[in-house]
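Engineer: Okay, here's what each chain looks like letter by letter:
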Amino acid sequence: MRKVYGDHVAVDGLDLDIRRGEIFGILGPNGAGKSTTVEILEGHRKRDAGEVDVLGEDPGKASRRWKSRIGIVWQNEIVIGDLKVAEAVRHFASYFPNPRDPEEIIELVGLTEKANARVGGLSGGQRRRVDVAIGVIGRPELLFLDEPTTGFDPAARRQFWDLIRSLADGGTSIVLTSHYLDEVEALADRLAVVVKGKVVAEGDPATLGGRASAQAQVSWLGADGPMTHRTDSPTTVVSELAAYFKGEIPELTVTRPSLEDIYLGLIKEQETVA
Amino acid sequence: MTQTLAGGPTASGLHAGGSGKLPGAFRLGLLRGGLEIKGFFRNPGAVVFTFALPIMMMTMFASIFHDKVEGAGVTVSQLYVAAMLGAGLMSTSFQAIAIGIATEREEGNLRRLAAMPIPRSSFFFGKLWLVLTTGIAETALLLAFGVSFFGLELPSDPAKWFTFAWVLILGLIACSLLGIAMSSVPRDAKSATPIVTLPFLVIQFISGVYIPINSMSGWMQNVGAFFPLKWMCQGFRSVFLPDQAKMLEQAGDWELGRVALVLGAWCIGGLVLCLTTFRWKGRRDG
Numbered sequence: 001m002r003k004v005y006g007d008h009v010a011v012d013g014l015d016l017d018i019r020r021g022e023i024f025g026i027l028g029p030n031g032a033g034k035s036t037t038v039e040i041l042e043g044h045r046k047r048d049a050g051e052v053d054v055l056g057e058d059p060g061k062a063s064r065r066w067k068s069r070i071g072i073v074w075q076n077e078i079v080i081g082d083l084k085v086a087e088a089v090r091h092f093a094s095y096f097p098n099p100r101d102p103e104e105i106i107e108l109v110g111l112t113e114k115a116n117a118r119v120g121g122l123s124g125g126q127r128r129r130v131d132v133a134i135g136v137i138g139r140p141e142l143l144f145l146d147e148p149t150t151g152f153d154p155a156a157r158r159q160f161w162d163l164i165r166s167l168a169d170g171g172t173s174i175v176l177t178s179h180y181l182d183e184v185e186a187l188a189d190r191l192a193v194v195v196k197g198k199v200v201a202e203g204d205p206a207t208l209g210g211r212a213s214a215q216a217q218v219s220w221l222g223a224d225g226p227m228t229h230r231t232d233s234p235t236t237v238v239s240e241l242a243a244y245f246k247g248e249i250p251e252l253t254v255t256r257p258s259l260e261d262i263y264l265g266l267i268k269e270q271e272t273v274a
Numbered sequence: 001m002t003q004t005l006a007g008g009p010t011a012s013g014l015h016a017g018g019s020g021k022l023p024g025a026f027r028l029g030l031l032r033g034g035l036e037i038k039g040f041f042r043n044p045g046a047v048v049f050t051f052a053l054p055i056m057m058m059t060m061f062a063s064i065f066h067d068k069v070e071g072a073g074v075t076v077s078q079l080y081v082a083a084m085l086g087a088g089l090m091s092t093s094f095q096a097i098a099i100g101i102a103t104e105r106e107e108g109n110l111r112r113l114a115a116m117p118i119p120r121s122s123f124f125f126g127k128l129w130l131v132l133t134t135g136i137a138e139t140a141l142l143l144a145f146g147v148s149f150f151g152l153e154l155p156s157d158p159a160k161w162f163t164f165a166w167v168l169i170l171g172l173i174a175c176s177l178l179g180i181a182m183s184s185v186p187r188d189a190k191s192a193t194p195i196v197t198l199p200f201l202v203i204q205f206i207s208g209v210y211i212p213i214n215s216m217s218g219w220m221q222n223v224g225a226f227f228p229l230k231w232m233c234q235g236f237r238s239v240f241l242p243d244q245a246k247m248l249e250q251a252g253d254w255e256l257g258r259v260a261l262v263l264g265a266w267c268i269g270g271l272v273l274c275l276t277t278f279r280w281k282g283r284r285d286g
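Top line first, the protein sequences correspond to chains P and Z.
With the working numbering, the residue at position 16 of the first sequence is 16, and numbering never jumps.
With the working numbering, the residue at position 124 of the second sequence is 124, and numbering never jumps.
No wet-lab data here; the hints were simulated from the structure.
Here the structure is a predicted model, which means the values were calculated and not measured.
It is possible that part of the hints are untrue.
[Said to hold, decoys possible] Calculated pairs, DMTMM-like style, for lysine to aspartate or glutamate (alpha carbon to alpha carbon, straight line, at most 25 angstroms): (1) Lys114(P) to Glu249(Z); (2) Lys46(P) to Glu249(Z); (3) Lys38(Z) to Glu87(P); (4) Lys21(Z) to Asp189(P); (5) Lys160(Z) to Glu104(Z).
[To be verified] Here are the computed distance ranges between Cβ atoms for each label pair: (6) Glu103(P) to Ser191(Z): 34 to 44 angstroms; (7) His66(Z) to Ser123(P): 24 to 34 angstroms; (8) Glu107(P) to Val147(Z): 50 to 60 angstroms; (9) Ile169(Z) to Ser94(P): 50 to 60 angstroms; (10) Asp188(Z) to Ser123(P): 20 to 30 angstroms.
Ideal placement from N, C-alpha and C gives every residue a C-beta, glycine not left out.
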């Protein structure tokens, strides 16, 4: 898949396979071509070259039937303003051949108490949840979530994650783009890191970029202050330390590189390549 | 090749989201209309602007100029009331729709609709229902004002009311379709108001809304005759003014056949323009 704006190549030979029933994360710095990629998959943007197949159809020529099988939660807020939450959700439900129950969805996104409030008067996070409710109302087989939890408080994010997991358990496939690495790590079965319009790494969050086999870091408080040791066999190091301290090791931590470390490493690598 | 949902078990049975009959375009149009009307009446700014402006204009013009027109058996205020009916209809349809859609496009509402299983025609129908409601309500208000304060006489002949009905409906449809087409011209919501209002103002002048048609130069009359507004106003004058007053028209006659023809042609032309130019997306969304 390829997309060019003037001289700028936004998506350059990007290749992805997303499987049925999985949560697929797309990570990348701003301007990496994530949103462009997702918008091409959604049928909202035209590609310049390449083949795209989403649910058996070319999204560039999407039919009404195809649209009834996908759901989208857009990155930018969509103004609904003067409608009430329940009115808006019920209205959009009527577009679909086999929608979910609007009341049930409102409950699921935690807006039951606000069902009769105007959308324009809600907080940013609550309005976002209305977007999510409308995105899933048609019982989509494939759901696109573009930065879905921007503006959520931590509790609302956790609640949202549960919702996404329950949808995935029900068989919905989900394509998630996010800036929040913890979010992708918590939700995604597989993910791809996109930099400068190319996939630079693809895999499951636990093993991405050699994460599982990377050296662990053991830290503790020694007699001369904080100590750090990188090792392939952290268990041995810890048992040696335990023998040395004769019991509790002060301020002991054992860490493997976080997804963030791996991700930042990948981006840095790409920047030096260019 | 980029593929989403390759392989794996088929989802039939598991999620039935896309299965079953898609709702009909007409029914969705009615639902859209209900939503548009609800949204409109909950926005006091839009309500006041839409209804009060034509009444204010009518009041001003009809109060300032109220002399009798020589030999035509009407007062200038009566002429204004009839003209303002046409201009009011065009503002609730053409102007309100063009600015409204440009705003919705910027606010992302159209982008969402583009991704939903709803045909464009349902969206257009929804706008038409809104405009029928606001247009008829506004016309009723203008008539009430005209009768109460400016010597407008309601006809008793049913044929006149029939003329009134078809001029109103054809005019509304033509102007609404033109408004939908016009909504693609402004770059963003901010520039929509001047870009839509300016030509509308010019059309009002050359269509004889503010200045009686017989006092305008010939080329202005001819340019004005190209647009639907002149014909809407002429149709309304034929309904509400005494027959004698047709001497003031460009052709010295009400020309109802031509009114129907021009408005009908604009309905068809507007529909073609709409279908060929309407974009869900803004210019900046690739």
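Engineer: So which of those numbered hints doesn't the model satisfy?
Structural biologist: Hints 1, 2, 4, 5, 7 and 9 contradicted; others consistent.
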